[in-house]
Amino acid sequence: MTKKKVLLIGWDAADWKAMHPLIDSGKMPTLKKFISEGVMGNLATLDPPLSPIMWTSIGTGKTADKHGVMGFTQPREDGSGIQPVLSTSRKVKAIWNILMQEGYKSHVIGWWPSHPADPINGVCISNFYHHSTGSLDDEWKMAPGTVHPPELADILADLRVHPEELTANHIAPFVPDMAKIDQTKDQRLRSIAKITAEASSMHAAATWIMENQEWDFLAVYYDAIDHYCHGFMKFHPPYREGIPRDLYDFYNGVVEGGYRFHDMMLERLLQLAGEDTTVIICSDHGFHPDHLRPIKLPKEPAGPAAEHSPYGMIAMRGPNIKRDELIYGSTLLDITPTVLTMFDLPTGRDMDGRPLLQAFQQKPELKVIDSWEEVEGDCGMHPVGEKQDPWMEQEALDQLVALGYIEPPGDNVQKTVENNARESKYYLARVYLSKNDYANALPLLEELFDKYPDQSRFGLRLANVYLNLGRVAAARETTDKSIIESEKSQVQDIKDNWKQQKEQLDKLKQEGKEIKEKTPELSDDATLLEQIRKNNRPTMELLQGNLYLAEENPEKALEHFNNAKTANPRLPDLHINIGHSYLKMKQLQDAEEAFFKALEIDPDSAAALAGLGQVYIQMRQFNDAAETLMDSVGRIYHNPNAHYFLGEAFYRLGRFEMAAQSWEVAVTQAPGLRKAHKRLVDIYQRHLNEAMKSAQHKQMIDKIVEVPEQGIVLTDNKEENTLETILEQANTKKLVGINPEKIITIVSGLPRSGTSMMMQILQAGSMDLLTDAKRTADNNNPKGYFELEAIKNLGKDKSCLTDAQGKVVKVIAQLLAALDKGYHYRVIFMLRDIHEVLQSQQTMLAKDRPNNDKLAQTFQQQLHRIQVWLRKQPNIDVIYVKYKDVIQSPLLEIEKLNEFLDKTLDVQKCAEVVDINLYRAKVTSIS
Amino acid sequence: MTTSDKTKLISPEGEQMDIPPEGALGLLALGAVGLKIWRQARKDVGEPSHWQEHKEPKTEKTKND
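Quick note, the sequences are listed as chains A and B, same order.
The first sequence begins at 1 in our numbering and counts up by one.
The second sequence begins at 928 in our numbering and counts up by one.
Derived by calculation from the structure, the hints in this document are not laboratory data.
Just so we're clear, the structure is a prediction, and the values are computed from it rather than from any experiment.
Glycine included, every Cβ here is placed at the ideal spot set by N, Cα and C.
Any given hint could turn out to be false.
From the structure, some residues in chain A lie toward chain B, with a derived Cβ separation under 10 angstroms [unchecked claim]:
hint, residue
1, Glu-139
2, Arg-160
3, Leu-166
4, Glu-211
5, Gly-257
6, Met-265
7, Leu-269
8, Leu-588
Every beta carbon over 10 angstroms from chain A, so not counted as near; a handful from chain B, in silico [said to hold, decoys possible]:
hint, residue
9, Ile-937
10, Asp-945
11, Gln-967
12, Val-972
Starting from the given sequences, assemble the full structure and let the hints guide the process.
So this is what it looks like as structure tokens:
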């Protein structure tokens, strides 16, 4: 039997619309041959369309709320600022981890994010590998952790190509007239050299591994197409008004050159992979190469993503892959399940994608397990102790700073970290929105809009959530507020820019320089506002129209849409909304015309096709409806409404099994979609003779509860997370024969978990406490905190531990990892219901923070990591003490503690200090 | 299809191909092998063959420099 091998090639931003003309004209011969021998199709992207998020989804089969990578940057662990997103942010196994666990040898090159490199059984080269810094004369260091195994680091470092190594021979294929460019003023040739050199570095590393290492699976990621496109797509033919003609003439071949270079690199990869290897080429999103290119980019973080198109690409070739066929409805979440299926491995039920079975000649047996996360064994991920959810770590850190347990970072750093946390929350909200999970998106967007009312992007998405939850009044109020705040912010921007410009001119005048420009006039606020409103009018009219449409007032909605059309007839989504207005008014021919118009602007619009399909159902043209709706879900598979209407079309055609299948997809994509469940109850009972399935869907309908603030909730989906279940197991004693005077006893746990009470108990038991009494008793801790101020700085200075030998010192759980490994420790770890802990912390902070469940989850995750870490430490003994048990049965619990402390306590005296009156923050609803 | 030995590039027809010291996109597209051959060709004509060889020892500059 032939050994299974899979090569996964990532081409960031590759787009069929850009490649088709090149393939047709023979400029990408390797890809042309490749697709004639395999399958090809669109790969629907995800929202937000940010590469680190999406490549992690490609590599895990999971959406960002599960995999944890939430953008380009993350806060540093020590709170000192931000850093590029790291592989350790990934909370779940990637395909290479799963394959390693199953005995397959995997190599990963350049995946985003993959730094530090995963310790897998093959070679892992991180996404920090190829970035060139400095000039050729400088030392080009490689960051530690870039290459695994480290012994290959020198060989692979030599294979990096520096941009300044490149010559005119390398650049001329992109810019034939490069000699005419004044490079002192125009840096674009340098940019091409950098992109090309970095792609060459990755390619050299990948080919070296293929030439020199055994492999079953190899994934290599190229970011260059995305970079060529962001820099030069504006110059790509056809020429557009507003683009400087001379620059267009110089640079109109760069994007084409980039694609052709990738075709050449593909030839080498295929040569090394051999015919028996299944090869997948995919991109995370497309890049508009045509009239859909935006003229202006939004002024917001990750604004350039507006140039991305919602369709990436996929092409596959291999022993069991169909030849010369199109595949439909693929999403980038399907790549990992498809690769697992190629290796005859089960997919995980917790994965959001599904295997692309339509691509296989002989359909493989579909195997499923609950989750690969539960499968034990070395999978080449970083140790558990190193894993983290940086965003919630930051939030947890903020809470600890506010509580006075950790020093706050400086002002600028705080601002930077805050901005990044803001973007991360926004991206997470968008992830939830893309899954129609309004209940989770809502609190995030409410928090963001409350905190940043001048950012209309938050307000408008929040209004959209309200609309989907049927809260039209709240949607209208939020839209209005958002518009007002946005206008204010735009007026201020204009005034700030004017001031800056004036200051610069004044400075030049003072320096005696001749100024040709006149100092610009600044209009009054009212005039500025009028101008802004004029510019924004199409968008505002569209927003107003949407609100009326949601209020079931299509006539009024149309008035606004028509106003928007007059101002800007090519506004995205405008004609789709006009179509839906006419659909509601039963003016079917007008609706059809509007959806046609939308398709004329964007022939790939899945939303326009879905609308058109609904029109055909109303027109009773069921064949056309089914065909159009299939086209729609073939482009964007995740669209429960389109699947619902496709079910309707099949039903009317008497194709009951297909109808049931479509409705099943609809309820899978949108759990609780009542109308689809109702149709399934009916069709299984009346047409398909499947009483059991009918009953199941009836049961599902009974479980659907529409909660006003959250939308649809399935009542059996709730799980209570309590700390009680997490840390039950203490480890066996390791500190045998150690002089007790050398052992440091530590009382630890989360702040407000009973650590101060435990310090009192130990004091009463005649143990020597190490405190400085700087933090005095207050209403929150009437008997005192028993803290040592220097402990807060343990991460940087461990000298305070010298005095702690033979004594007891309080150290919060999050700082345990900073303990000096040179000492021996006994840790008394306090456990308390996480909700009680948080309630007590909030009382102490005198504030009511939203998202307590998320904070609770983060604290629980932190505790779990700390528990695992503690178990591994040879110099630390641990006893877990439940706060509630101490309160309820002090003698029994202190007796256990006395055993742990080698019977040094006076149990009776210790028990006397336990004061049940201080047990104030109780969560009674949780057992 | 192109194959290579240590310093030469051989075409599918068995002909030895010239490696320009100035390089070519096609050589980069060959990956590690193409990169090594190109660097060797640079070395053969006395050009620095590798980015590390461009590195010049840093000399401390005086205020008068």
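Taking the closest Cβ pair, is A/Glu-211 under 10 angstroms from chain B?
holds (7 angstroms)
Status of the hint placing A/Leu-588 at chain B (closest C-beta pair under 10 angstroms)
violated (54 angstroms)
Would the stated hint for A/Gly-257 survive a check requiring a Cβ distance to chain B of less than 10 angstroms?
holds (8 angstroms)
For B/Val-972, which was marked as not at the interface, is the minimum beta-carbon distance to chain A over 10 angstroms?
The claim holds: B/Val-972 sits with its nearest Cβ about 13 angstroms from chain A, beyond 10 angstroms.
According to the definition I'm using, a residue is off the interface if its beta carbon is farther than 10 angstroms from all beta carbons of the partner; does B/Ile-937 meet that for chain A?
Label holds. Min Cβ-Cβ 14 angstroms, cutoff 10 angstroms.
Are A/Leu-269 and chain B close enough, Cβ to Cβ, to be under 10 angstroms, as the hint says?
It holds, given that the least Cβ distance between A/Leu-269 and chain B is near 8 angstroms, below 10 angstroms.
Using the nearest Cβ pair, does A/Glu-139 come within less than 10 angstroms of chain B?
Holds, about 6 angstroms.
At 10 angstroms, judged by beta carbons, does B/Asp-945 keep clear of chain A as stated?
holds (13 angstroms)
Per-residue hint verdict: A/Arg-160, partner chain B, C-beta under 10 angstroms
holds (7 angstroms)
When you look at the beta carbon of B/Gln-967, is every beta carbon of chain A farther off than 10 angstroms?
holds (13 angstroms)
Holds or violated: is there a CB of chain B closer than 10 angstroms to the CB of A/Leu-166?
holds (7 angstroms)
With a cut-off of 10 angstroms, does the beta carbon of A/Met-265 approach a beta carbon of chain B closely enough for the hint to hold?
holds (5 angstroms)
In this structure, the one hint that does not hold is number 8.
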